[in-house]
Amino acid sequence: MSYKESTTPPDGYDVGRENMLDFKIDEQFEMLEQSDAKNFILTTVDEVFNWAKLSSIWPVTFGLACCAIEMIAASATRYDIDRFGAGAFRATPRQADLMIVSGTVTAKMARRLKLIYDQMPEPKWVMAMGSCAIGGGPYFKYGYHVVKGVDYMVPVDIYVPGCPPRPEVLLEGLMRLQDKIRGRQGKMVTPKWVQDYAKKIPYQK
Amino acid sequence: MEANAIYELLAEKIGDGALGFDGEAIDPVADVAPASIVDACTFLRDDERCGFNQLMCLSGIDWDGYDENGKGKSVKILGYTELGEPETTDRVSDGDFGVVYNLFSHKHKHKFTLRVRVPREVASVPTICNLWETANWHEREAWDLVGIRFEGHPDLRRMLMEESWVGHPLRKDYQMPDEWENVPLRGQDYAKNPFPPLAPADPVTPDAPAGDKPAEG
Ligand code: SF4
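Protein sequence lines, in the order shown, are assigned to chains A and B. The first sequence lines up with residues 1 to 205 when you count with our numbering. The second sequence lines up with residues 1001 to 1217 when you count with our numbering.
So here's chain A without its partners, still in its complex pose (with noise of 0.2 Å):
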């Protein structure tokens, strides 16, 4: 499978293990509300993590061009990214999980980018939104200082094509990252070939 199609299941991927890895946790909790009794529920240590994780991802503050006013425009109340638990922009990447690269990757932002991504505790991911951050987009032919995708310096997790994506677009996109974790069993780190792939690209000379 191609890593850029990201979004549609590969090969071998069974589509039907998020509803079987669902252990109707909601239903539970509101079952747990509804009776006073001392109550218990049943679930798998992943399920309740990746719950957890899915609830409250909360992006780093990195906006770099355009796509960045979609990205603002998608946190405040009309889009409100807030209702996927994502609301909380950190300004510091040390207590962020997911990088939303909005816009342009430039030759000179590059490597502070990396600088962010490697600063970023375990479990993270990336986002990349826009044509710009996803291919070059627009400066694909003659953008001398614009690297032609963010994948070349970081791994991506979920592409989000339009130039720029209107907010449903992103939101979307969250939500797709969402399943993303859903679908994960075992450690929360990210694979060893995507740390080995981050580690292939410098970004200091």
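Simulated from the structure, these hints should not be mistaken for laboratory data. Computed from a predicted structure; not experimentally measured. In this text, a Cβ means the ideal position worked out from N, Cα and C, and glycines have one as well. A couple of the hints might just be wrong.
As the list claims (entries may be wrong) - Part of the chain A face toward chain B, derived, beta carbon under 8 Å:
no., residue
1, C66
2, I69
3, R111
4, Y142
Since chain A is already given, all that's left is putting chain B with the ligand on it; use the hints.
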């Protein structure tokens, strides 16, 4: 004051340095010899009748691709093809460089434009940044992007690109770099290679224990 009156004053002051005047243009523009530009600017700033206390803009220009009458010829600007291949051409750029100064007077509310033209091999103009502070950064920008050297500038560093950048990107014969300090800048030829060079072909880590694999692929 009308622009041609200003030009007459200027021509009187700098004599042979004034090379011509175009009063028909939207912004009337006077051509000035590079050696006289400091004199011309000093006069226009300090003279009571002119009083140009503001430099609105200073631009560097690569005039390659224009004939003598200012009509555009077709010039191939080098970039990448849609497949990510670098474009090349045998044509050698030979056009002059130019610097354009847009002046404005708050007192008299009039505008004036100066223009100097230097051969491509010389690419050097005297600085005017001791007349208007604005010129400092504008000249640095013109040096950075077009590669016009401003003699006497106190701090002629690059403005937008990093110091280690090679070449001056807005020159018409600029060749786009494939990378800069390990940052890849060239697009992909997806027809030849659908996977970018650094991307892993198999995203599932082979040495992870069973059950430790990312489900997302
Ligand atoms: S994709 Fe379009 S809107 Fe987004 S940063 Fe690039 S040019 Fe701007």
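Checklist line | Hint check, A:I69 versus chain B [nearest Cβ-Cβ separation less than 8 Å] | finding: This interface hint is violated because 22 Å lies over the 8 Å limit.
Note to self: A:C66 was flagged as interface toward chain B. Is the shortest Cβ-Cβ separation under 8 Å?
What the structure shows: violated, 18 Å
Notebook entry, point to check: Does A:R111 pass the interface check with chain B, least Cβ-Cβ distance below 8 Å?
Noted result: holds, 6 Å
Notebook entry, point to check: Is the interface hint for A:Y142 satisfied, with its Cβ closer than 8 Å to some Cβ of chain B?
Noted result: With a minimum Cβ separation of about 4 Å from chain B (threshold 8 Å), the hint on A:Y142 holds.
Violation of the numbered hints given earlier is confined to hints 1 and 2; the remaining hints are satisfied by the structure.
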